[in-house]
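If you're matching them up, the sequences are chains A and B in order. Residue 549, in numbering that gives the first Met the number 0, is where the first sequence stops; the numbers in between run on with no holes. Residue 549, in numbering that gives the first Met the number 0, is where the second sequence stops; the numbers in between run on with no holes.
Fair warning: there could be bad hints in the mix.
For chains that are exact copies, the list does not tell them apart, and a pair is met inside one copy or across any two.
Said to hold, decoys possible - Calculated cross-link-like contacts (lysine to any residue; reagent style SDA-like; alpha-carbon spacing at most 25 Å):
no., residue 1, residue 2
1, 200, 68
2, 328, 201
3, 492, 440
4, 406, 309
5, 406, 76
6, 411, 15
Because the hints were derived from the structure by calculation, they are not lab data. Remember, it's a predicted structure, so these values are computed and weren't measured experimentally.
Number of protein chains: 2
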Amino acid sequence: MADLDIIESKTDLVADWDHLMRVFIRPEDDASRQTLIKYMEQILFGLHEFLKKNVGITEAKSLKDLSERFKNTTICEEPEKKLADVITCLIREIAPHAVNVASPYFVGHMTSAIPFFMVHLKTIEAALNQNVVKLETSKVVSVVEKQVIAKIHDLIYRQSRDFYQTHVQNTDTTLGVFTEGGTTANLTALWVARNAMFAPKEGFRGIEAEGIPAAFRAYGVERCVILASRLAHYSLRKSAGLLGLGNESVIPIDTDADYRMDIEAFKAAIARIQSELPETRILAAVGIAGATETGTVDPLSEMADICAENGIHFHVDAAWGGPTLLSRKNRHLLKGIERSDSVTIDGHKQFYMPMSCGMVYFRDPEILDVIAYHANYVNRWGSVDLGIKSLAGSREANSLVLDAALKIMGAKGYALLIDHGIESAAAFAEEIARRDNFQLVTAPVLNILTYRYCPPAAQRALALAEVSEKIRINEELNELNRALQRLQREAGKSFVSRTTLKANRFSPVDIVVLRTVVMNPMTDIEILREILDEQEEITARHLADHLPVL
Amino acid sequence: MADLDIIESKTDLVADWDHLMRVFIRPEDDASRQTLIKYMEQILFGLHEFLKKNVGITEAKSLKDLSERFKNTTICEEPEKKLADVITCLIREIAPHAVNVASPYFVGHMTSAIPFFMVHLKTIEAALNQNVVKLETSKVVSVVEKQVIAKIHDLIYRQSRDFYQTHVQNTDTTLGVFTEGGTTANLTALWVARNAMFAPKEGFRGIEAEGIPAAFRAYGVERCVILASRLAHYSLRKSAGLLGLGNESVIPIDTDADYRMDIEAFKAAIARIQSELPETRILAAVGIAGATETGTVDPLSEMADICAENGIHFHVDAAWGGPTLLSRKNRHLLKGIERSDSVTIDGHKQFYMPMSCGMVYFRDPEILDVIAYHANYVNRWGSVDLGIKSLAGSREANSLVLDAALKIMGAKGYALLIDHGIESAAAFAEEIARRDNFQLVTAPVLNILTYRYCPPAAQRALALAEVSEKIRINEELNELNRALQRLQREAGKSFVSRTTLKANRFSPVDIVVLRTVVMNPMTDIEILREILDEQEEITARHLADHLPVL
Numbered sequence: 000m001a002d003l004d005i006i007e008s009k010t011d012l013v014a015d016w017d018h019l020m021r022v023f024i025r026p027e028d029d030a031s032r033q034t035l036i037k038y039m040e041q042i043l044f045g046l047h048e049f050l051k052k053n054v055g056i057t058e059a060k061s062l063k064d065l066s067e068r069f070k071n072t073t074i075c076e077e078p079e080k081k082l083a084d085v086i087t088c089l090i091r092e093i094a095p096h097a098v099n100v101a102s103p104y105f106v107g108h109m110t111s112a113i114p115f116f117m118v119h120l121k122t123i124e125a126a127l128n129q130n131v132v133k134l135e136t137s138k139v140v141s142v143v144e145k146q147v148i149a150k151i152h153d154l155i156y157r158q159s160r161d162f163y164q165t166h167v168q169n170t171d172t173t174l175g176v177f178t179e180g181g182t183t184a185n186l187t188a189l190w191v192a193r194n195a196m197f198a199p200k201e202g203f204r205g206i207e208a209e210g211i212p213a214a215f216r217a218y219g220v221e222r223c224v225i226l227a228s229r230l231a232h233y234s235l236r237k238s239a240g241l242l243g244l245g246n247e248s249v250i251p252i253d254t255d256a257d258y259r260m261d262i263e264a265f266k267a268a269i270a271r272i273q274s275e276l277p278e279t280r281i282l283a284a285v286g287i288a289g290a291t292e293t294g295t296v297d298p299l300s301e302m303a304d305i306c307a308e309n310g311i312h313f314h315v316d317a318a319w320g321g322p323t324l325l326s327r328k329n330r331h332l333l334k335g336i337e338r339s340d341s342v343t344i345d346g347h348k349q350f351y352m353p354m355s356c357g358m359v360y361f362r363d364p365e366i367l368d369v370i371a372y373h374a375n376y377v378n379r380w381g382s383v384d385l386g387i388k389s390l391a392g393s394r395e396a397n398s399l400v401l402d403a404a405l406k407i408m409g410a411k412g413y414a415l416l417i418d419h420g421i422e423s424a425a426a427f428a429e430e431i432a433r434r435d436n437f438q439l440v441t442a443p444v445l446n447i448l449t450y451r452y453c454p455p456a457a458q459r460a461l462a463l464a465e466v467s468e469k470i471r472i473n474e475e476l477n478e479l480n481r482a483l484q485r486l487q488r489e490a491g492k493s494f495v496s497r498t499t500l501k502a503n504r505f506s507p508v509d510i511v512v513l514r515t516v517v518m519n520p521m522t523d524i525e526i527l528r529e530i531l532d533e534q535e536e537i538t539a540r541h542l543a544d545h546l547p548v549l
Numbered sequence: 000m001a002d003l004d005i006i007e008s009k010t011d012l013v014a015d016w017d018h019l020m021r022v023f024i025r026p027e028d029d030a031s032r033q034t035l036i037k038y039m040e041q042i043l044f045g046l047h048e049f050l051k052k053n054v055g056i057t058e059a060k061s062l063k064d065l066s067e068r069f070k071n072t073t074i075c076e077e078p079e080k081k082l083a084d085v086i087t088c089l090i091r092e093i094a095p096h097a098v099n100v101a102s103p104y105f106v107g108h109m110t111s112a113i114p115f116f117m118v119h120l121k122t123i124e125a126a127l128n129q130n131v132v133k134l135e136t137s138k139v140v141s142v143v144e145k146q147v148i149a150k151i152h153d154l155i156y157r158q159s160r161d162f163y164q165t166h167v168q169n170t171d172t173t174l175g176v177f178t179e180g181g182t183t184a185n186l187t188a189l190w191v192a193r194n195a196m197f198a199p200k201e202g203f204r205g206i207e208a209e210g211i212p213a214a215f216r217a218y219g220v221e222r223c224v225i226l227a228s229r230l231a232h233y234s235l236r237k238s239a240g241l242l243g244l245g246n247e248s249v250i251p252i253d254t255d256a257d258y259r260m261d262i263e264a265f266k267a268a269i270a271r272i273q274s275e276l277p278e279t280r281i282l283a284a285v286g287i288a289g290a291t292e293t294g295t296v297d298p299l300s301e302m303a304d305i306c307a308e309n310g311i312h313f314h315v316d317a318a319w320g321g322p323t324l325l326s327r328k329n330r331h332l333l334k335g336i337e338r339s340d341s342v343t344i345d346g347h348k349q350f351y352m353p354m355s356c357g358m359v360y361f362r363d364p365e366i367l368d369v370i371a372y373h374a375n376y377v378n379r380w381g382s383v384d385l386g387i388k389s390l391a392g393s394r395e396a397n398s399l400v401l402d403a404a405l406k407i408m409g410a411k412g413y414a415l416l417i418d419h420g421i422e423s424a425a426a427f428a429e430e431i432a433r434r435d436n437f438q439l440v441t442a443p444v445l446n447i448l449t450y451r452y453c454p455p456a457a458q459r460a461l462a463l464a465e466v467s468e469k470i471r472i473n474e475e476l477n478e479l480n481r482a483l484q485r486l487q488r489e490a491g492k493s494f495v496s497r498t499t500l501k502a503n504r505f506s507p508v509d510i511v512v513l514r515t516v517v518m519n520p521m522t523d524i525e526i527l528r529e530i531l532d533e534q535e536e537i538t539a540r541h542l543a544d545h546l547p548v549l
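Chain A with its partners taken away, still in its complex shape (with noise of 0.2 Å):
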């Protein structure tokens, strides 16, 4: 075992040559070639184990003493720990304190269990260390990237076979860009847009060249905004502050009663635009396919129509929901998605891949030559160079991970995945309805709800109260949901996250939801139920004097 003494030996942690010549080579002989497996092995079970003993979120180790444990700045002369040691920590003092979002009680975030074999998918991206900013390092991969891609922009899109024929290995159109997350699959697309709209023409060389204030004397515009429901993801907001459009130039448009985008409303904000403002300019509007707080679906194919009628950037969100697409019984959910001009997707959400992968598709296979840039010792036009038309440099291959993934769970595999969640949370939302003291606030549509804790007194006097006494008794609902999510989080059984539902015209005061997101397979109604069983049991036991005063 010699040649492994860098992470074997339990003394002499010292940097030399030879040891680092070792760390760069996989070992020959079959002794070191254990110990490495001996590694993944406690990697992949010892983890395991610890994530099987902690079904919650994690230990009750305060946050500010934990930090008093990882404050030291200094970066080490000398080797401070071996590769063994190292897993060891991780296993026995990092993953105790991490968050156990694999466990089936978890259900407040779109992050969950992932199929064990992504993390072999992971380790095989991770060794071949591919970089799809060029072909030149990494050739046949770009070329998988690309017919992935393309597998995706079908599933959405569902142009003709010669479509994709003709575009799938195309080195001068691109279908979409995988990138590192939502926000920057949103950024892209909204990138994308501005710079259609404000494209080159006589006398003006571009929004990109020559930046906004030049756009907008070139077009005679004023102002550009971009339309989409209140419920919208934070990161529109943050695209537009950064495309330097500012933030304020996302328009919130008001919801329906099912938290959907009101189609009158929205045809209002257009028609108002286009006769009171007409140097203000609609970028795009975005319709949400997955709503990150309710889970609900903006009325796509209205929103298709009033888009096409009046030459509207039309971008869905579907950073959430998009993998429904997969599922036979429940993709008419998103009907009217196959009309946008773009679309986002995370595969670290309904694919279950690792952290963190986004996607963003065109409907248009030449609308990215509008964001594309090149370098003199890298991406050369005409070439299958992946970086050119992207917002990132470097990339790693997170295309192999997502088209292995799809070979070995099938579209139905994913339907499986899709259908168990929807039906679960219709399942949950039922439950709830059957029990006096919950009240059900958002119905799922896919596989994400809201609730609260509302006990039937309360019930009955909401009803029956006018405003004022209708916000004060909220607002005591309010406290107590808060409190409810809290203590039932630090308990470490189970999570539901909880967010606040900002006042509209059917509700004359913010709500404060318990939200619930069904992905982890394992999550079935039973768990559901204990989750409910646990927050009456922690309101009775501790909340008691939490309840509103009826």
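The hints should help you fit chain B onto chain A, whose structure is shown.
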């Protein structure tokens, strides 16, 4: 083994619920665990065997032929492959056509071999699958990230012990952020500089809220520019385009004879803007610490002086060179970086991390407030939620990998790698100077150099020729070197890249050069000599008729 039939059986590739559940539970019995470990072994060593055999870029298979095999765009309904087959296929069919970036003969790009433990660390990252956007999906990992960010900040800025004790775990301040790569790091730095310059003031809610035209009006500005050497990375132009300033706002400053920013030209540009263009603001000046094409380092201390005098945000793009700070012997090469306002460093470059990981650091722990965003359902003010001040939303925990790598390597381990690269590049430069047929074009400062094939007769002729003759000879040399680089790449044994150094006041014509990046510790002077030998052979055998006519 019945437990694992989804990945083991040779038939029955059907997606059903039982199969699905099994891939979400890591197997409990020994046999199944052994199977999963066997796959990991195949990944670690199967790939390794292949990579050993293929020292060059790839097998001789044209991209056109390859892409013909990746044109199907249908996602199959049922599973197509078992995990075992996916792994075998990746090793046998994909890897042979990927690029062996780990070969010591692959010296063309900034992607290279990584220590094998990096693959283990990346596997841990994937298995834990934390999302550092918020504490509720990461807990201790966010604390670890804050610590490792402070470590690198300390490496760059060397502030007082008190400073780091105050900020390392402070939930209100931020010393830096992890990004997808160098491009998003540079983008973040310029985004911050833009928002800090056009901050909210009476009657103006800030550029992030109101956008660029309103900001320019509020501050009486007509244009905003960024000053950087002609060798600056194209991500700066991309960032300026994205941010709405226009990529033409990046003003290229001439370089001196050593390909560093010419300080007199820099001063002159500032003076001209200040005297002639009162409505133009200088948003930032960018110094390069390791230019992508030449590896050269701008005169950072002089730039820091000038920026301080003129109140200009001084950003250093040390995506490549940053880790040089870990070397006691060579950190002086980056002198002045500690006086910058912000610094970009890539993890996947000279920290030898797997793709992809960027970082950006700020001297002022509060400046990132100007890009803060939050959402109801997640980040709350005053929390450790790292997503509040980052371009990305959901984000993987690359900080765990960097933190562990620093512990395993020690500063000295990294220093050995850095010093080896710098010393080998210097030795290679001497070797090039020694050989009559080559001409060193840019001498190495760090571990990058450029040179070209230029036979003695051409060197003599160039020394004496008139400008027009110089241009002709150089154009012929450019053709020769383009052909040489391509033939060597296609031969598949070694890979150097090529780039074109633009005409400047020292050279009347664009020069095509061969570019070598020495970062793999297995790349020694013997291998570099072999690469030159091969270039001489290729030229003698295939390019005799490409030699310049004299």
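Here's how the hints hold up against the structure:
| no. | hint | verdict |
| --- | --- | --- |
| 1 | 200 <-> 68 | neither (59 Å within a copy, 40 Å between copies) |
| 2 | 328 <-> 201 | neither (51 Å within a copy, 55 Å between copies) |
| 3 | 492 <-> 440 | within (24 Å within a copy, 65 Å between copies) |
| 4 | 406 <-> 309 | neither (40 Å within a copy, 58 Å between copies) |
| 5 | 406 <-> 76 | between (46 Å within a copy, 9 Å between copies) |
| 6 | 411 <-> 15 | between (52 Å within a copy, 8 Å between copies) |
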